[in-house]
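First to last, the sequence lines map onto chains A and B.
Taking our numbering, the leading residue of the first sequence gets 1, the next gets one more, and so forth.
Taking our numbering, the leading residue of the second sequence gets 1, the next gets one more, and so forth.
Keep in mind that the hints were calculated from the coordinates and are not lab data.
Be aware that a few hints might be false.
Computed Cβ-Cβ distance ranges for the label pairs, DEER-style [said to hold, decoys possible]:
1) A:Glu175 - B:His21: 13 to 21 Å
2) B:Asp146 - A:Glu175: 43 to 51 Å
3) B:Gln13 - A:Phe188: 41 to 49 Å
4) B:Lys6 - A:Ser15: 22 to 30 Å
5) B:Gln142 - A:Glu172: 51 to 59 Å
6) B:Tyr136 - A:Glu172: 30 to 38 Å
7) A:Ala224 - B:Gly115: 44 to 52 Å
8) A:Ile201 - B:Lys77: 21 to 29 Å
9) A:Ala211 - B:Tyr136: 25 to 33 Å
10) A:Ile53 - B:His204: 48 to 56 Å
11) A:Ala82 - B:Thr60: 36 to 44 Å
12) B:Lys133 - A:Asp216: 44 to 52 Å
When the alpha-carbon atoms are kept at most 20 Å apart in a straight line, the in silico PhoX-like pairs for lysine-lysine are as follows [to be verified]:
13) B:Lys58 - A:Lys179
14) A:Lys179 - B:Lys133
15) A:Lys176 - B:Lys152
16) B:Lys81 - B:Lys152
Ideal Cβ positions, reconstructed from N, Cα and C, are used throughout, including at glycine.
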Amino acid sequence: MLKDITIGQYLPGHSFLHKLDPRTKILAVMIYMISLFIVNNFCGLGAMLVLSIAVVLVSKIPLKFFFRGIKAIVFIVLLTVALQMFMTPGEPLWQWGFLTITREGVRQAIFMGTRLVLLVSVTSILTLTTTPISLTDGIENLLKPFQRFGMPAHELAMMMTIALRFIPTLVEETEKIMKAQSARGADFESGNLIDRAKAMIPLLVPLFLNAFKRADELAIAMEARCYHGGENRTRLRALQYGSRDAITGVLCVCMVAGAVLTRFI
Amino acid sequence: MSLEVKHVFYTYQEGSPTESHALQDICLNVDEGEFLGIVGHTGSGKSTLIQHLNGLLKPTKGDVLVDGLNINRKEAKGKLKELRMKVGIVFQYPEYQLFEETVEQDISFGPRNLGLSDTEVKQRVKESMELLKLDYKTLRKQSPFDLSGGQKRKVAIAGVLAMKPKYLVLDEPTAGLDPRGREEFLEQIAMLHRQGMTIVMVSHSMDDIARYAQQMIVMDHSRIKLQGTPQEVFSQPDVLDAAGVGVPSLTRLLLRLKEQGLDVRTDLIRMDEIKDEILRALAARGGNPSC
Numbered sequence: 001m002l003k004d005i006t007i008g009q010y011l012p013g014h015s016f017l018h019k020l021d022p023r024t025k026i027l028a029v030m031i032y033m034i035s036l037f038i039v040n041n042f043c044g045l046g047a048m049l050v051l052s053i054a055v056v057l058v059s060k061i062p063l064k065f066f067f068r069g070i071k072a073i074v075f076i077v078l079l080t081v082a083l084q085m086f087m088t089p090g091e092p093l094w095q096w097g098f099l100t101i102t103r104e105g106v107r108q109a110i111f112m113g114t115r116l117v118l119l120v121s122v123t124s125i126l127t128l129t130t131t132p133i134s135l136t137d138g139i140e141n142l143l144k145p146f147q148r149f150g151m152p153a154h155e156l157a158m159m160m161t162i163a164l165r166f167i168p169t170l171v172e173e174t175e176k177i178m179k180a181q182s183a184r185g186a187d188f189e190s191g192n193l194i195d196r197a198k199a200m201i202p203l204l205v206p207l208f209l210n211a212f213k214r215a216d217e218l219a220i221a222m223e224a225r226c227y228h229g230g231e232n233r234t235r236l237r238a239l240q241y242g243s244r245d246a247i248t249g250v251l252c253v254c255m256v257a258g259a260v261l262t263r264f265i
Numbered sequence: 001m002s003l004e005v006k007h008v009f010y011t012y013q014e015g016s017p018t019e020s021h022a023l024q025d026i027c028l029n030v031d032e033g034e035f036l037g038i039v040g041h042t043g044s045g046k047s048t049l050i051q052h053l054n055g056l057l058k059p060t061k062g063d064v065l066v067d068g069l070n071i072n073r074k075e076a077k078g079k080l081k082e083l084r085m086k087v088g089i090v091f092q093y094p095e096y097q098l099f100e101e102t103v104e105q106d107i108s109f110g111p112r113n114l115g116l117s118d119t120e121v122k123q124r125v126k127e128s129m130e131l132l133k134l135d136y137k138t139l140r141k142q143s144p145f146d147l148s149g150g151q152k153r154k155v156a157i158a159g160v161l162a163m164k165p166k167y168l169v170l171d172e173p174t175a176g177l178d179p180r181g182r183e184e185f186l187e188q189i190a191m192l193h194r195q196g197m198t199i200v201m202v203s204h205s206m207d208d209i210a211r212y213a214q215q216m217i218v219m220d221h222s223r224i225k226l227q228g229t230p231q232e233v234f235s236q237p238d239v240l241d242a243a244g245v246g247v248p249s250l251t252r253l254l255l256r257l258k259e260q261g262l263d264v265r266t267d268l269i270r271m272d273e274i275k276d277e278i279l280r281a282l283a284a285r286g287g288n289p290s291c
């Protein structure tokens, strides 16, 4: 169950995408998201689909990671599709009682469903090909210009680094406690919703206690090493744009331009 | 009736680039009433192995049988609870699994999951606390989080004992305890063993294993390197060194004496035997053993 969480997971590799500067990747994903919502007809959506598949192939990440990511959001996708299908007013195609499926509804449903799946797949490429450290470095760097408006860029990035750093630890610990409680006969898998919620107590209490304790210890350890925020901090690996980033930049501009153009087809 | 592990393989994250073989071709037999010690350096697969003993993990290949019941097969599916009742596992740092408001409630978590009556549960809580020399009257209403480290651990173990397991599996039960707590604790485990409980203990400490275990296995790189009685195993210091675990300090003493030219046997385990052997060897050499 816990192993299905693909967001935030990094998969080592040497593809073009792995070597890209994190800032380029973050910006590219944002531009991709915008493009995905600019396109408003099937021609454009098809083009985005092809593009996304190309990106997936370039990343050289086993396809099952994407399927796993999609499996995790299958409920949300189905709910969205159903809502769009039944709630959009328009020319009715099929009617049963108060349920009506309209032509516009089907269209919307296909659009939203595809968009969601693509969104999750492509954003998971970002985390799958970027180490959490360089990801937060990238974010910090991108947020720097906003610092003069009072945005605590370094602090935000540090918080993210720590949060990302502890996801695997917490998952591991959850599994450990789950096992320990299962060994005492706890049952996390059967029963109705209320039973299951109750079964979470023996899991959550120790988990939270340990998390608080760990946060305290981490704060002390950081202070002991004279951590005092972002001022005058230098980096071991300074970020630098290269030719790969230039190529990606050009491709991104083409993507947006293409997306806008498909609206006029 | 016994725990049987037959040619078990276990692979973490099978098929992904990060897959790792945690167990390879493990064969093991734990008879009823036995005290088995498992040693091995960090990451050698000890913890993975013990999780197979009550079905928390299922082998990728091979079979695990608990009193003849194969945990891999369909027929074991409905019997998981029975299985967990038979094989109690105490994980490393078990105090992290405490969650209830009072000691009594926490210990009764296991027995209550077994569906026992209130009076039976209460009885078992009392018994298991007494087994570990925890005072029932004063401690039962306290919050487990207010106790000292050693007592927290005892409460956690009492929680497993309250399920009355036939086989008790302990993963590094003395890690992080002070020397006195450690000693006391091992004595209590030895007592449980004398009362007829089958014990499987994972430990880093060769000295502890030498003192208490009847049978032992040494794990290295997800395989069993050595298997046998402590005497047999500790008489092969080279293999032990290669596996990164070393020999008990008393065995090391004997080996050093032999190296220095004293004619002693090196396959002894117990402190008194070793003392007699050294005195005998010194006498045979013609020195004066009394000084």
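Violated constraints from the hint list, given by number and in increasing order: 2, 3, 4, 5, 12, 14, 16
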